[in-house]
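Trainee: Line by line, the protein sequences give chains A and B. Heads up, the first sequence is in the numbering used here, so the first residue is 1297 and it goes up one at a time. Heads up, the second sequence is in the numbering used here, so the first residue is 169 and it goes up one at a time.
Bear in mind the hints are in silico, worked out from the structure with no lab data behind them. As the structure is a computational prediction, the values presented were derived from the model and not from experiment. Some hints here could point you the wrong way.
Stated by the list, open to error - Partial list, computed: chain B residues near chain A (C-beta under 10 Å):
#1 Y216
#2 F219
#3 D223
#4 V304
#5 A305
#6 P309
#7 V313
#8 I317
#9 S331
#10 H333
#11 G418
#12 G441
#13 G443
#14 H448
A virtual CB, placed ideally from N, CA and C, is assigned to each residue, including glycine.
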Amino acid sequence: LNWIPRSRAGFGIVKRAAVMVAAVALVAACGGTSAAGNGNAVATSSDQVSITIGIPLPSLDMPSPLLQQFEQSHPNIHVNTIETTWGDWPAKLQALNTAGQTPTVFMYDGGTVQGYGAEGLALNLKNFIKSSHLNQSEYIDLNYSQDSKGDIWGVPQGYQPVALAYNKTLFDQAGVSYPTDQWSWSAMINAATKLHQQTHTCGLITDHDITAGWLPFMWANGGVPFNQNVTKADFTSPLVEKGVQQWESLVQAGVICNESTIQANQNNLTTVFGKGMGAMMLMQYGQVGGVLKNFPSLNWDVTALPRGVVNEIPNIANPWVIYKHATPAQQRAGWTFLQWWLSPKTQDEYAADGLAIPALRSAGNYLPSTPAHLKQAFVTAPAQYGHTMYETSKWGDWEAVAEPIFLQIFEGQVGVKPGLQQVNTAVNGVLNGSSQG
Amino acid sequence: MIRPGVFSALRFPQSRAARNAIWGYGLSLPFLIAALVLVGVPVVWSAYLAFTTFDGFNPPQWTGLANWLQLLRDPAALSAFRNIAFVALIFVPLQTGLGLLIALLLHQGLRAAGLLRAIYFLPAISPWMAVGIMWVALFNPEYGVINAILHAAHLPTGLWLLSPHWYVFQGVVALANTWKGVGYCVVLFVAGLQSIPNELLEAAEVDGAGRLRSLWHITLPLLTPSTFMVLVLSTIAASQIFDPILVLSGGGVATNIGGLPTQQIVPTVLLYGQGFGLGHLGYANTVAWALFICVAALVILQRRLEGRWVHYER
């Protein structure tokens, strides 16, 4: 402790120094946060512009060779990235926005994008698309994020259709023929029941959410839960109830893997499938890579999702959005990025990554070659039967009130009829504006 | 040109007390400013937002008591507050009682007391994500150890975390939280035990008091300040339960879209889901303030009752 001055004058110097250090530290800390934290800061040169791209993983491999290529081909645009897991992305985006650091371009679930438009977060891309050289007919659906007024709030980053994955080994054990793209819904259910009885595994793995869970069962049984404009829900119609009843009965019978099996595998459906605990799975395209990577020796394939009365396959696009309050220079740079994303070379390379079905039809030729019938299951069939998920600006809100109740139905905690009545009341409350969701 | 009087006016006061006060305020000023900016402003802003609709993207719109009325009608909110009250009713006394019991055992002069204390403290420093997976595995209805033991003992098994009854899920949450937090209580109680003067216990022994009588009439009364602190901290900890719910419920639904089944939801998860999942930041702040009011009322009640049973050495 020799550094402590013994005289009163010396002690005063230490005190003054301490105050100054503390004050400087405080000012420096406050200043550093605002200056360094602004991811949208535009570079000083008028020709240079910095943009931030928000990426919920695993929609891109990070660090992304594709983004590096973009920067190399567009030296005047500097790209920063912000990424987090898919589930954490809404919270991350909210926090970034509150901090004034909303990414210039970002992507998320197709269902939520029209909501971003209604909230004044997304830029209307209608005029950008109209004045561009993009040929609409070459793409699956460039206007996927168009709302009822004709405004377009994003362009597709990639599609995530649902197909039927099947474990060949378990089919062989049970003596059941492999599924084909001509299978009916009832053929799939009968096979699942037989596979369950013969192999003592689940016959089918489904999620408890809309895309690969309850909606395909509703459609297969003729149930349509919304009117045409998605302004009114009817989850209590007999055909909707029939579909959900079929789903729930199969869970209770052990034909569909129950929540306890899913929980035992860290809530990862592809792990349940990869371990051979289920013979078939309603699989979104983005899950294929996980099975290939983590279970390389699994003997499996995919086919088109069987259809029932409503002859449709769930297909959702996850769009890129441009932040409405970015500077005009950043908005232009963001649109440049989206045009580059939709260009044939980029789409071909993105197709080869196997993370999503690319928006450009011709890029489907560059998809991975395994499993064997991947293209037929995830491109050809959805092109013919693909259907969106009733996306509107209120999608996120009605989904939020519906999903917990569907989870309870899936877990057998609530009966189908009372559960659907609850869903109906809650969803209509959101749609007619009497509840926030 | 600087006049000489300027410096003389800036000179520090001559009295020692005044000088000390200036230095005291001066040195603490940066931290006071930091507290004001980082705590005071957000608290006031949050209180304002509780009376608005605010999506984080557009300016807040004043809606008066609408959020508060919605809170009283919202089944998810009512379930959330019911659930957390139930968890607190189990967790607070159980953690306090168990912590006290373990501390008393460790205070008996055991050879491995230090090692045992470390073992009891281990769960407290383990991340919830890791221990949560263990609890999920233990209570899995088909593959879990708990049901396997019950089955072997010919006792009825349960659905536990998948049960349709809210009190079963929340009961498991209370147990898991007790297991994780009891180490802290043990440390606090051991510190309290070590501060009890040995002379008192020796005097009681000389006067013929047995160990049980000494425990009841000397140790426990002198431990009441520690017990009070543990009770207050446990009450606050119960209100802040968040990650155990996410882990034990599977979590995905809450973080993706802001919803959990009503038997699983608690106020912190509700406000997180509403605020950051759905962008209903106004309503989320209302939930936060409602929770704060409840906890503050409980702590004030505990403080009011403190004088009746807590004995401080004078």
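Trainee: None of the hints should be skipped; say for each whether it holds.
Mentor: Each hint tested on the structure:
Annotation: Y216(B) was flagged as interfacial toward chain A, and the flag is violated, the nearest CB pair being 14 Å apart, outside 10 Å. A least Cβ separation of about 15 Å between F219(B) and chain A goes past the 10 Å threshold, and the interface hint is therefore violated. For D223(B), the interface hint holds, the least distance from its beta-carbon to any beta-carbon of chain A being 5 Å, beneath 10 Å. Checking V304(B) against chain A: minimum C-beta separation of about 6 Å stays under 10 Å; hint holds.
Given the 10 Å rule on beta carbons, the hint for A305(B) holds: about 7 Å separates it from the nearest Cβ of chain A. Taking 10 Å as the C-beta contact cut-off toward chain A, the hint placing P309(B) at the interface holds, the least distance being around 5 Å. A least Cβ separation of about 12 Å between V313(B) and chain A goes past the 10 Å threshold, and the interface hint is therefore violated. This hint is violated: I317(B) has a C-beta 17 Å from the nearest C-beta of chain A, more than the 10 Å allowed.
With a least beta-carbon distance of about 7 Å to chain A, the hint placing S331(B) at the interface is held under the 10 Å criterion. For H333(B), the shortest C-beta to C-beta distance to chain A is roughly 8 Å, which falls under 10 Å, so the interface hint holds. Nearest Cβ of chain A to the Cβ of G418(B): about 5 Å, under the 10 Å cut. The hint holds. A hinted interface residue such as G441(B) counts as satisfied when its beta carbon comes closer than 10 Å to some beta carbon of chain A; here the least separation is about 8 Å, so the hint holds.
Taking 10 Å as the C-beta cut-off, the interface hint given for G443(B) holds, the closest approach to chain A being about 7 Å. Taking 10 Å as the C-beta cut-off, the interface hint given for H448(B) holds, the closest approach to chain A being about 5 Å.
Checked against the numbered hints above, the structure violates hints 1, 2, 7, 8; every other hint is satisfied.
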